[in-house]
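K.L.:
Chain by chain, the residues run as shown.
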Amino acid sequence: MFGVTEREDTVKYLCLIYDDESKWGTMPQAEAEAMMGEYFAFTEGIKKSGHYLGGEALKPTQTASTVRVRSGKISTTDGPFAETKEQLGGYYLIDAKDLNDAIQVAAKIPSARIGSVEVRPIQSFD
Amino acid sequence: MIDRTGETRADIDAIYRVESRRVLATLIRLLGDFDAAEEALHDAFMAALDRWPAEGIPDNPRAWLVSTGRFKAIDRLRRRARFDAWSDAIADRLEAAPASTADAETGGEDAVEDDRLRLIFTCCHPALTPDARIALTLREVCGLETEQIARAFLVPAPTLAQRIVRAKGKIRDAKIPYQVPSRDELPDRLDAVLHVIYLVFNEGYSATSGDSVVRVDLAGEAIRLGRLLVELLPEPEAIGLLALMLLHDARRAARTSASGELVLLDEQDRSLWNVEQIHEGAALVERALHSRRFGPYTLQAAIAAVHAEAPTAAATNWRHIVALYDVLMRVEPTPVVELNRAAAVAMRDGPEAGLLLIDAILARGDLADYHLAHSARADLCRRLGRTADALASYERALALTAQGPERRFLERRIATLQDQKLSPRSKKEGT
Numbered sequence: 391m392f393g394v395t396e397r398e399d400t401v402k403y404l405c406l407i408y409d410d411e412s413k414w415g416t417m418p419q420a421e422a423e424a425m426m427g428e429y430f431a432f433t434e435g436i437k438k439s440g441h442y443l444g445g446e447a448l449k450p451t452q453t454a455s456t457v458r459v460r461s462g463k464i465s466t467t468d469g470p471f472a473e474t475k476e477q478l479g480g481y482y483l484i485d486a487k488d489l490n491d492a493i494q495v496a497a498k499i500p501s502a503r504i505g506s507v508e509v510r511p512i513q514s515f516d
Numbered sequence: 008m009i010d011r012t013g014e015t016r017a018d019i020d021a022i023y024r025v026e027s028r029r030v031l032a033t034l035i036r037l038l039g040d041f042d043a044a045e046e047a048l049h050d051a052f053m054a055a056l057d058r059w060p061a062e063g064i065p066d067n068p069r070a071w072l073v074s075t076g077r078f079k080a081i082d083r084l085r086r087r088a089r090f091d092a093w094s095d096a097i098a099d100r101l102e103a104a105p106a107s108t109a110d111a112e113t114g115g116e117d118a119v120e121d122d123r124l125r126l127i128f129t130c131c132h133p134a135l136t137p138d139a140r141i142a143l144t145l146r147e148v149c150g151l152e153t154e155q156i157a158r159a160f161l162v163p164a165p166t167l168a169q170r171i172v173r174a175k176g177k178i179r180d181a182k183i184p185y186q187v188p189s190r191d192e193l194p195d196r197l198d199a200v201l202h203v204i205y206l207v208f209n210e211g212y213s214a215t216s217g218d219s220v221v222r223v224d225l226a227g228e229a230i231r232l233g234r235l236l237v238e239l240l241p242e243p244e245a246i247g248l249l250a251l252m253l254l255h256d257a258r259r260a261a262r263t264s265a266s267g268e269l270v271l272l273d274e275q276d277r278s279l280w281n282v283e284q285i286h287e288g289a290a291l292v293e294r295a296l297h298s299r300r301f302g303p304y305t306l307q308a309a310i311a312a313v314h315a316e317a318p319t320a321a322a323t324n325w326r327h328i329v330a331l332y333d334v335l336m337r338v339e340p341t342p343v344v345e346l347n348r349a350a351a352v353a354m355r356d357g358p359e360a361g362l363l364l365i366d367a368i369l370a371r372g373d374l375a376d377y378h379l380a381h382s383a384r385a386d387l388c389r390r391l392g393r394t395a396d397a398l399a400s401y402e403r404a405l406a407l408t409a410q411g412p413e414r415r416f417l418e419r420r421i422a423t424l425q426d427q428k429l430s431p432r433s434k435k436e437g438t
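Quick note, the sequences are listed as chains L and D, same order. First residue of the first sequence? That's 391 in this note's numbering, and the numbers climb one at a time after it. First residue of the second sequence? That's 8 in this note's numbering, and the numbers climb one at a time after it.
Same shape as in the complex, but just chain L (with noise of 0.2 Å):
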C-alpha cells in the first residue's frame, strides 16, 4: 500500500549488485581505485542521507560453494548458484521512501554504470 495508510513507514530494499567480474580483473590498476574511491564516497553518502543499513563486497564466484539437502543429504557443488554473464559482486541493504526513492539510490551505485543493480524489497513477517 502506498498513500496514508503508510505514510511515516519507510521500506528496506536489498539492491544487488551484478557485473562482469572479469573486468575488475583485466581493470587498470588507477581506474579500479578510481571506483574503489567513488564507492567509498557513495557509501559515505547513503550514510549520511539516512539510506544505508549495510553493504559488503563479495568475492568473486571462483570462490563460491553451493550447499543443497536433498533426503537429508548434504550436497556441495562449486561454483555459484548459476552461471551468468554478470555475477552478484556485493549487495547494499538500504531503507528507502519508497521504490522511486530506492531506485535513485541504485542508480548511484558505481557498478550501475558498467553492470546491473536488482532492487528488491525485503519481505517482513511481522
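Some hints here could point you the wrong way.
[Stated by the list, open to error] Simulated crosslink set (DSSO-like; lysine-lysine; CA at most 30 Å straight-line):
#1 L/Lys-475 - L/Lys-449
#2 D/Lys-177 - L/Lys-498
#3 L/Lys-437 - D/Lys-177
[Said to hold, decoys possible] Some chain D residues judged to face chain L by a derived CB distance under 10 Å, without partners named:
#4 Glu-152
#5 Arg-196
#6 Ala-199
In short, the hints are calculated from the structure, not lab data. All of these numbers come straight from a predicted model, not from anything done at the bench. We put the CB at the ideal spot given by N, CA and C, even for glycine.
Chain L is already provided as a structure; the job is to place chain D on it using the hints.
P.N.:
The following block gives chain D in isolation, referenced to the frame of chain L:
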C-alpha cells in the same frame, strides 16, 4: 408528483462518464490501494443511484462521490475488523486523515488534476513490464473493462486480468509511490508514459494481426489519453505525440477502401482526410517545435504534417521530409527511422538511390524480419522494372506479416507483377 427517476438515472450515467476516473484517482490516493479504491468507487455510485433520485443531485457530485466512497471504504474495513485487528488500525488512520486530504476531497481542482497525473505515472511506472503498463493504464485511467482490453490485444481475458493483478501486486509490494515524479526524474518517466500511449495508438492504428471490426477504438483511446496528458502536463514531447496521433488518425477514413483493403498514402483520396484534425495536429507541431526542447515524437509529427499538408501526393515536399529525417536520425538513430528515410530519399532522388540505402540496411542484418523493409524494397524494385526482385521481396514481406488487410495488399501486388511477367510489354507501370 413527477417521477424524475429516469432523468436522474441519465444524469448519473453522464456524471459517471465524466467523473469516475477522477474520483477513482483521488480515492486511490486517499485509500492507498487500487482494489479498495475500485470497490469504493463502485459503492459510491451505487449510493448515488439509491439516493440522488429522491434527494436530488448534490452541487458538487465529485466531492460527494469521493467522500461517500471514502466512508464506504472505512465501513468495509470496520466490518472486516471484526476478524482482523490490522484492518481496524487502517480504518483508524483513514478516519484521522490529515487536513490536506479533506481539502482535496471537497474542492481543490489542482489537487484533483494532480491525482489524475499521479495515476498515469503510477500505471506507467518503468518498474512494471510494458504489457502491464498498457493494461493498467487502459483499465484504470481510461476505464476500459478487462475483457475489452483483452479483445483489443487478442490475448485471453484471464491472461490480461492476471497481468493487472500482478502489476497491482508489484505496486503494493515494491511500494511504487503514488506521485508525480520530481523534476530530475521527469524526462525518463515521461518517456515511459508517452511510450505506453504510443503503443496503444499503434495497436489501434495497425492491428498486429486479424481483422479489427469488433475491437475497441484503441487509437481513439490513445488520443484521449494524449489530450489528457497535454492538459495536465504540457511538455513539448507530449504535445508532439498528440500531434503525431492526430495527424495519422486524420487519414483513417482514407487508409482502407470500402471493402476494407489497405490504401497506401500516395493512392489515398485526400478529400477523405479530416482537415480539422490536420489543422489541430499541425498547430500542435508548431507549438512543440517552438519550445526547442522537442524530440522524436515531435519530429515524426512534423513529417506527418508535411504529408498531410500536401494537396496531392506528387506535391509532397520530399526535400523537407528528408531534412526532417536527417534530424530524426540524430536524435533516434534506429534502423526503422533509417528505412523511412531511405523511402523518402527514393522519392526525392529516385528509386535507385533509395534501394541502395535499403539494401545496405538489410545487408547489415537489421530489419531482416521486418515486413515493411521487404515491401519497401519490393516497391522500389517494381518501380525500377526489376520484377523478379520485386516478387521475391513481396513474398518475403508476405511471409512476415499476419495482419489481414496488409496480407491482401501484398497478395494483390504479387498477382499484378506475375501478370506483368506473363505479358512483358506492360512491364513498366505508368505510376
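K.L.:
Evaluate each hint against the coordinates.
P.N.:
Outcome of the hint check:
no. : hint                  : in the structure
1   : L/Lys-475 - L/Lys-449 : 16 Å, holds
2   : D/Lys-177 - L/Lys-498 : 23 Å, holds
3   : L/Lys-437 - D/Lys-177 : 28 Å, holds
4   : Glu-152               : 25 Å, violated
5   : Arg-196               : 9 Å, holds
6   : Ala-199               : 12 Å, violated
Against the hints set out earlier in the document, violations occur for numbers 4 and 6.
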